[in-house]
Amino acid sequence: MMTKTIILSRKLLNYNVLKVKLSRVYKCFLLISITILFNCKKEEIKKHKTPNILFVLVDDLGYHDLGFTGSKFYETPNIDKLVKRSVWFKNGYAASRVCSPSRASILTGKFTARHGITDWIGAKVDEDWRARNRYDKLLPADYVRSLPKQDITIAEAFQDKGYATFFAGKWHLGDKGSYPEDHGFEINKGGFHRGGPAGGFFSPWNNPKLKNKKRGENLTIRLAEETTNFITKNKKKPFFAFLSFYAVHAPIQTTEIKWRKYREKAEHMGVADSGYIMERILPIRQVQDNPIYGGLVETMDTAVGIVMKALKDSGLDKNTIVVFTSDNGGVASGDNYATSNLPLRGGKGYQWEGGIKEPYFIKVPWLKTNGKTSNFPVTHADFYPTLLDLANIPFLENQHKDGISLKPILEGREINIDRPLYWHYPHYGNQGGEPSSIIQQNGWKLIHYWEDDREELFKLPSTEKDELNVVDEYPEIVKEMSNQLMIWLESVHAKYPKKDLLYDANKQKLRLNSIKTKKLQSLEKNRLNVLSKDFKPNENWWKSKVIKD
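Sequential numbering of the sequence shown, starting at 1078, is according to my numbering.
None of these hints come from the bench; they were simulated from the model. Among the hints, a few may not be true.
[To be verified] Here are the simulated lysine-lysine pairs, DSS-like style, with alpha carbons at most 30 angstroms apart:
{"#": "1", "residue 1": "Lys1622", "residue 2": "Lys1602"}
{"#": "2", "residue 1": "Lys1201", "residue 2": "Lys1395"}
{"#": "3", "residue 1": "Lys1484", "residue 2": "Lys1395"}
{"#": "4", "residue 1": "Lys1576", "residue 2": "Lys1602"}
{"#": "5", "residue 1": "Lys1214", "residue 2": "Lys1556"}
{"#": "6", "residue 1": "Lys1158", "residue 2": "Lys1314"}
[Stated by the list, open to error] Restraint-style ranges between C-beta atoms, simulated for each label pair:
{"#": "7", "residue 1": "Ile1592", "residue 2": "Ala1349", "range": "16 to 26 angstroms"}
{"#": "8", "residue 1": "Lys1576", "residue 2": "Lys1342", "range": "30 to 40 angstroms"}
{"#": "9", "residue 1": "Lys1238", "residue 2": "Ile1298", "range": "25 to 35 angstroms"}
Glycine residues also receive a C-beta, built at the ideal position from the N, C-alpha and C atoms.
Based on the provided sequences and hints, a complete structural model is requested.
Here's what the structure looks like:
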């Protein structure tokens, strides 16, 4: 009995010793695990304090020019994939209906009337407008011709915090002395005063800031490659990269292979008998079936894919914020009449939704809200404070006065403010838009026309096409919003158009009648020509097909 007791005691002793040892091992393991997790979390926090930024801006891309926004004709798999990993702001708005003003708002965080660039730089104003033989009632207001030097651009804000800064593509914010390198970008690949791709989309092009390398090279792809080169060379330093495509701006060009692909697709979908109707001043495209534009859009999407792959291959995708948007609506009138923005009314240059509503999304890789959507109305001016906030950089309150940080929405929270959005365009657009100013707030949009001071009121989003003008039904809302708009315009010292004392109503009538007949017929003829099997723009397809000498 004594022996059994001793054996049992020894077993209990061994068990207790083993228990103590296991407890020590467990505590040691737990301590190591906590240390690893703490260090990982510390490293994660460290990364998120200095995230990289990739800003992708497409020129003239319409709201419905992408697969995820409803296009059945254009193919954009890379962008569609990116938006699924982002927060999509379904009510995202450009700061203007044309390019230069919107670009200035992105870089300064201000609405257009405040920074003064209210039209595309190069547009004629005052008496010079008569040289266009437009015979309009007003002479367009003057505007600022280059990005104001006193403004601290978003690039300069990041550069001041040690970021490497890079710009590629379209600038259109001033001539020499006001190029990207004059406003915070250390490297500039292709940005100068021109608003379109000088020399076309295939090399050799005429761009003093981007050397030609090989004949037939595609400009859009080259800009993507320049961006990837910058990214891979800056793995160890935070960067702010701004990829500003010249695509999908006119002149629209593509390869024969892509034209053929989209021509056959249009034929398979069924070619409509007509592609245009008359808007107030110019014809406007009603169908997406231009195979040249289809190829141009697809190439832009491929370029986005190239850059996103570079981020992933370099291991930077988990710490790089990606922004994607366009500067104004798709070109449905004027230029190349390239696309349709339906069901939105209008397009580039127009005061309606088709001119200012844009693809607008932000990818913050470490947030769980990716793949979500937001209906909160946002604008180009919001990018500046949002990116500062995400990078834990203090706000510059006196700079981005009209923007707000969207970080709460990106983190899954709400922004409980009812702020007004403003647009000011005291000019005539090349695409049929009229001199007007807009205020949008609490689901209402009021448009004030400067030709005759008439106003339109729309309830959004009940009618995306802006066809239900309810100005006579809500006089109190009209009065309140109109007063608020005028007070704001005066507060930012907005400039206005003036009456043309040489206005000739008969000449204007003759011009408009010519548009309704000759122009409309010409557009329909050209549309069918581009869709014909034997279409050929020239021997080398805009230089995309290299012909040996």
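Right, here's what the structure says about each hint:
1. Lys1622 x Lys1602: OK: lysine 1622 and lysine 1602 at ~26 angstroms, within 30 angstroms.
2. Lys1201 x Lys1395: Cα-Cα ~46 angstroms, so violated.
3. Lys1484 x Lys1395: holds (18 angstroms)
4. Lys1576 x Lys1602: It is violated: about 37 angstroms lies between the C-alpha atoms, which goes past 30 angstroms.
5. Lys1214 x Lys1556: Holds, at roughly 25 angstroms.
6. Lys1158 x Lys1314: Given pair lysine 1158, lysine 1314 holds - Cα atoms ~27 angstroms apart, limit 30 angstroms.
7. Ile1592 x Ala1349: 16 to 26 angstroms: The hint (16 to 26 angstroms, Cβ to Cβ) holds, given that isoleucine 1592 and alanine 1349 are roughly 21 angstroms apart.
8. Lys1576 x Lys1342: 30 to 40 angstroms: violated (49 angstroms)
9. Lys1238 x Ile1298: 25 to 35 angstroms: Check passed, 31 angstroms falls within 25 to 35 angstroms.
Of the hints listed earlier, those the structure fails to meet are numbers 2, 4 and 8, in rising order.
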